[in-house]
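**Student:** Below, each chain spelled out in residue letters.
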Amino acid sequence: QQQVKQSPQSLIVQKGGIPIINCAYENTAFDYFPWYQQFPGKGPALLIAIRPDVSEKKEGRFTISFNKSAKQFSLHIMDSQPGDSATYFCAASDRGSTLGRLYFGRGTQLTVWP
Amino acid sequence: DAGITQSPRHKVTETGTPVTLRCHQTENHRYMYWYRQDPGHGLRLIHYSYGVKDTDKGEVSDGYSVSRSKTEDFLLTLESATSSQTSVYFCAISEVAGGPHNEQFFGPGTRLTVL
Chain A
1 QQQVKQSPQS
11 LIVQKGGIPI
21 INCAYENTAF
31 DYFPWYQQFP
41 GKGPALLIAI
51 RPDVSEKKEG
61 RFTISFNKSA
71 KQFSLHIMDS
81 QPGDSATYFC
91 AASDRGSTLG
101 RLYFGRGTQL
111 TVWP
Chain B
1001 DAGITQSPRH
1011 KVTETGTPVT
1021 LRCHQTENHR
1031 YMYWYRQDPG
1041 HGLRLIHYSY
1051 GVKDTDKGEV
1061 SDGYSVSRSK
1071 TEDFLLTLES
1081 ATSSQTSVYF
1091 CAISEVAGGP
1101 HNEQFFGPGT
1111 RLTVL
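Residue numbers (my numbering), protein chains in the order written: chain A, 1 to 114; chain B, 1001 to 1115.
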């Protein structure tokens, strides 16, 4: 049973566009929502994370929007660049139990054309 | 980069043979994890460890065992490899579990092919 559902599976945008990746969850105990970025042949790396007490978090060109009532969160990449082409994973955890175990979405492969 | 190495980086083996993958960390982090990554499935947790000799199962643990005799090493063993275990395996470490920062750092991965 998928704890975190991610869409779309793949996304193609032109340079300067704003790709948006969406994730949804059911477990209301989740209280930490990170996004990981993975380049081909590399391990995933933490990109940005949010807690449910805020509705938005920005780090550079990357923004997480969080809707607690809808149990959804999304990643927006402003002014996307070819170097942003990678696979993006959302994740969630219940930090108070299960030893902080992360549940990952299935990933979105983003391609940014120059 | 967090000090995580995985060995081997690539391995081809035959069905029915035992295989051991090694994860080594130099960060002295308490928590260690093994994931497998498959197209369309994302990252799935196989086993994790919350201390030396303390391990537990993840969501896809069948056919796998782990051991952790030292803080820095976490071994993943496929007792009798099957073609369904062809995958890319990632080790991850975390200093804390829970709390405001639950970042996991990932190793470079091991690509395993079972023929």
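Don't read these hints as lab results, they were simulated from the structure. On a predicted model such as this, the values are computed, not experimentally measured, just so you know. Don't be surprised by glycine CBs; every beta carbon is placed ideally from N, CA and C. Honestly, I wouldn't trust all of these hints.
[Unchecked claim] Taking CB as the label site, the calculated pair distances span:
hint	chain 1	residue 1	chain 2	residue 2	range
1	B	D1062	A	L46	41 to 49 angstroms
2	A	Q81	B	P1039	35 to 43 angstroms
3	A	Q81	B	G1040	34 to 42 angstroms
4	A	G83	B	S1007	24 to 32 angstroms
5	A	G83	B	V1012	14 to 22 angstroms
6	B	P1018	A	R51	41 to 49 angstroms
7	A	A29	B	L1115	23 to 31 angstroms
**Student:** All hints, please: hold or fail.
**Tutor:** Consistency of the hints with the structure:
For the hinted restraint 41 to 49 angstroms between B/D1062 and A/L46, the CB-CB distance of approximately 29 angstroms leaves it violated. Against the hinted window of 35 to 43 angstroms, the Cβ-Cβ separation of A/Q81 and B/P1039 comes to about 25 angstroms, which falls outside the hint. In this structure the supplied range 34 to 42 angstroms is violated for A/Q81 paired with B/G1040, their Cβ-Cβ distance being about 27 angstroms. In this structure the hint that A/G83 and B/S1007 lie 24 to 32 angstroms apart at CB holds, the actual value being about 29 angstroms.
The given range of 14 to 22 angstroms is broken by A/G83 and B/V1012, whose C-beta atoms sit roughly 32 angstroms from each other. Distance hint check: the CB atoms of B/P1018 and A/R51 are about 43 angstroms apart, consistent with the given range 41 to 49 angstroms. Separated by about 42 angstroms at the C-beta atoms, A/A29 and B/L1115 break the suggested range of 23 to 31 angstroms.
The structure does not agree with the numbered hints 1, 2, 3, 5, 7 stated previously, though it agrees with the rest.
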